[in-house]
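Trainee: Required output: the full structure, derived from the provided sequences and hints.
Single-letter residue listing:
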Amino acid sequence: MTTADYERNMVLATDTDYKVIGTRPVRHDGADKVTGRAIYGADFDAAGLLHGKILRSPHAHAKIVSIDTSKAEKLDGVKAVVTSKDFPEVGNQWLKDNILASDKALYVGQAIVGVAASNPHVAESALGLIDVEYEVLTPVLTTQEAMATNASILHDSLTTEELGKDTGVVSNVASHTQHVKGDISKGFAEADVVVEREYNTKTVHQGYIEPHNATALWSPDGRLHVWCSTQGSFVVRDSLAELLDMPVSMVRVTPTEIGGGFGGKIPIYLEPVAALLSRKTGAPVKIVMSRKETFEASGPTPGSQIKIKIGAKHDGTITAAYAWMAMEAGAYPGSPVGAAVQCVFSTYDVENSTIDGFDVVVNKPKTAAYRAPGAPNAAFGAEQAINELAEKLGMDPIELRLKNVATEGTRRPDGPVFGRIGAKEVLEAMRDHPHYQSAKAEGTGRGISIGFWFNIGFDSACNIAVNKDGSVNLTEGSTDIGGSRTSIAMHAAEVLGIPVEDVRPSVVDTDTIGFTAVTGGSRTTFATGWAAYEAAQDVKKQCIDRAAIIWDVDANNLQMEDGVISSQSDSELKMTFKELAEQLSDTGGGISGSASVNPSGVGGSFAGNIADVSVDPDTGKTTVERFTCVQDVGKAIHPSYVEGQMQGGSVQGIGWALNEEYFMNDEGTMTNSSLLDYRMPTSLDLPMIDTVIVEVANPGHPFGVRGVGEANIVPPTPALANAIYDATGKRMTSLPMSPGAIQSADAE
Amino acid sequence: MALVFIPSLMQKLSNGEQRVSVEGNNVRQVIDNLDEIFPGFKERLVEDGRVKPNIAVAIDGEITPLGMIEKVSTDSEVHFLPAISGGV
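In order, the protein sequence lines correspond to chains P and H. Residue numbering for the first sequence follows my numbering, starting at 5 and increasing by one per position. Residue numbering for the second sequence follows my numbering, starting at 207 and increasing by one per position.
No wet-lab data here; the hints were simulated from the structure. All clues given are correct.
Below 27 angstroms or equal to it, Euclidean Cα-Cα: the simulated BS3-like pairs (lysine-lysine) are: (1) P:Lys296 with P:Lys108; (2) P:Lys169 with H:Lys258; (3) P:Lys78 with P:Lys284; (4) P:Lys296 with P:Lys37; (5) P:Lys67 with P:Lys89; (6) P:Lys313 with P:Lys190; (7) H:Lys258 with P:Lys100; (8) P:Lys472 with P:Lys582; (9) H:Lys277 with P:Lys169; (10) H:Lys218 with P:Lys169; (11) P:Lys734 with P:Lys625; (12) P:Lys169 with H:Lys248; (13) H:Lys218 with P:Lys190.
Mentor: Here it is, written out as C-alpha cells:
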C-alpha cells in the first residue's frame, strides 16, 4: 500500500481469503436498537415491582457513629430498609463497604442505606427521614496528599504490599510495583540528551450514557434472579454469591442491553442492595442511578502523578528510561497502576529501564477500569517526553520512535519478550499517511503519539444449534457493547460457510451458557470469537459425520467447504449445509456444537494518532482541526465496528485531553456532577476521525484477531499535548488542557 | 532448565541474582525447586496451593491462565509479575 492509495478509513489488510471475515454486514441487533425496542435495565418491569433508592454519604471521609432508620420505616409505602448489617458476616469487607458502608464513609456518594417503596417518590422521601450521625475526618484527595507524611489514613488495617510481601507499614499506599531492566545508571551515563518532567492527570469518568441499574427478585425457593446492565453477568453472579454467602448455582443473572460501559460496568453497586431489599419484601426491587449518582458513586478512572526521565544518544538511540507513577485507587485498593507500569515504555526497545508504580487510596469513589486503564495516564507523560527528546535531538518524532520501536523478540521493560506485534507497521502507516505528509494549515500545530495495550484472553463459551432451515442459533455470554454479537456470529459463519445473516446470535443469562469472563480487556472478539470458532468446528465435524451416515461412506473422505459437504473421491456426493439441516431429525436428530475456551495466544495492540489543532490566542480554547487514528488490530473481523472502536476511543481521549475532570472542592465533593458541567465532546466539537486499520495478524488466533477496544484511547492525550505545544510553544504537563490551563501556562 | 527471572522486589531472597535456572515441568515444580535454592519464594508467591491473586506468572512471554499447573519446558522463560488489578 502506498501513500497515494490512501483514502479515509483505510484497511491495510492481510491477504487471507475469507468469505465472511472482513466484510461489513448489518448488525443483528440493529433494528431493535434504532427502533427503540431493545430492552435496557431501566425498562424492566414486573408485577408488584418495588422501587429502591439509596441514601449516600455527604462526607468524603467520616466515621459512621450511628444510623437510625426508624422514621423512614414507618413512612406509608416504605416496604423495607437495609444497611450493611444485612450482609452476611463472611465475604470481602471492603467490597461490602463499597456497596453499603459499615464503619466509615470514604467518599461523597458512598451508599449507606437502601430503601424499597411502592414508588420512587416515596423511596426518595424516606431517605430524608433517615438520621446518620457522622464524625467528619480530614479527606485526602490526591496521591500527593495521601502519600504525605502525617496524611490522614483511610484504612487503619491497610499496609503496603510489595509483590507478595506485606511490609507492615500502615499507609495509604496499598502497593508498590517495580520493574527493572538493565542498569539505569549506566544508561543515563551513556545519554547525550536527557528529558525529565512531572505530569499530572485528573479523575475522569467513562461517560457511558446509560446509568447503572439493577432489578432483583429473591424467590421463596431461595434462588436469586438479577437483571442488570453489566459488562460481565458471571462477575455479577459470582460477586453476589460471595457477598450474600450463596452457592453460585442459586444466583441467576440476566444481562439486559447495555448503554455503554468502557470498563465502568464491571464492578457491582446496586445489585446486592436490590437483592437484600427483595429478600426482605419478597417482591422484585428495581434501583436506577441518577447521573449524579453515576458520577459520584460508580468507578471513574484515576487521577495520577507521573514522573518521566528519558535519555538518548545523539543518533536517537534511547539509552535509559525511568518512570515513577502514583495512581489514585479511590477509597479501596486497586488502581490500574499495574497496567500502567506494563505499558509506559513497552512501545520501545530500551536497554535500561526502571519503572516504579504506587497504588494509593484517596477519598474518592473506588476507581474502575476505563479503556486501557492506566495506559493513557502513563502515555500522557512518556509520549510527551519522547517528542521533547526528538525536538532536542533535531529528529522527526516518528523517525525517533521508529529508531527505537519494539518488534518481535524485543524484551519488554517488565520482562517478557514480545511475539509478533505491529508497532513498527503502525508508525510506518502514520509516517506515510497523507495527513502527516501534508503541510500544516497556517496557525495550527501538529502532534503525534503512539500507545500500547496488551489485551487479555480468559474464559468464554459458545453454543451453536442447527435449525432445520439451515440457519443456526448461537448463544454466548459476552454482553454486547460494541457489536460483538455480529463479530462472534461471523466467526461461526466463516467456519460453516454460511451467510452471517443465517446465524442468530443471542447473549444469554448465567444459567444458559458456560462461564464467560467480562466484556473487557479487548478480549471478546478474541476469546468469545475463538469459542464460536471451536463450537462451529464441532458442528462442522458432526455435519460431516452425519453426511457419512446418510451416504454410507467413510467420513474421512468427506469435507465441508463454503457450506457444501462433498466427497473427495466421488464427485456425485454433494450436499449443502441447508440440505443436510432439513434431514437432521430423520437421520439421527439435531446437531448442536459447543465450546469453552481459555485461550493463550493473546496479541497486544498499538495505536497511533496524528492530530492538528488550533488554539485561540484570546481564550485558550483548542479546536481539533484534523485527527487520524492508526491501529494494528490483527485482523478486522468487521471493519466498521473496528473503525467505530477506533473513533470512539479517540473521541474519549480527546475529551480526556481537553475538557474532562472531576472538579473537586476542598471537602471532596464533585462540583460538576452533571453532563452539562462535565463537558464531554459532542459531534459538533470534533472533526471526522480518520482511521487506518493496520492488519498484522496475531499468530495466536485462528483468524489473527488481537482485540481493538482499548489501545486507541492511549495516544490522544499526548498527541494533543504535542500539537498544542507545536501551536503555542506551551508544554502542557497537566490534564485537562482546558482553555484556562492553556491561558495560564507559560511558553517555553 | 527453565530460566526464572527474579523480580527486583524479590532479589533480596535470591542474594541479588536476577536470573536463576530451575528444574521443573510445571509452575508448581519450578516454584518448589526455586524455594529449595532460595527459601522464602514459595511464601511470597503461593497461597493455599495457588499462585497468590496479586501475582501473575508469565511463561515465554505470555501470562498463563493455568497458574501452578501450566507446563514449563526446559528452554522456557518464567516471569513473576504483579497481577493486573483495576478490573480490566
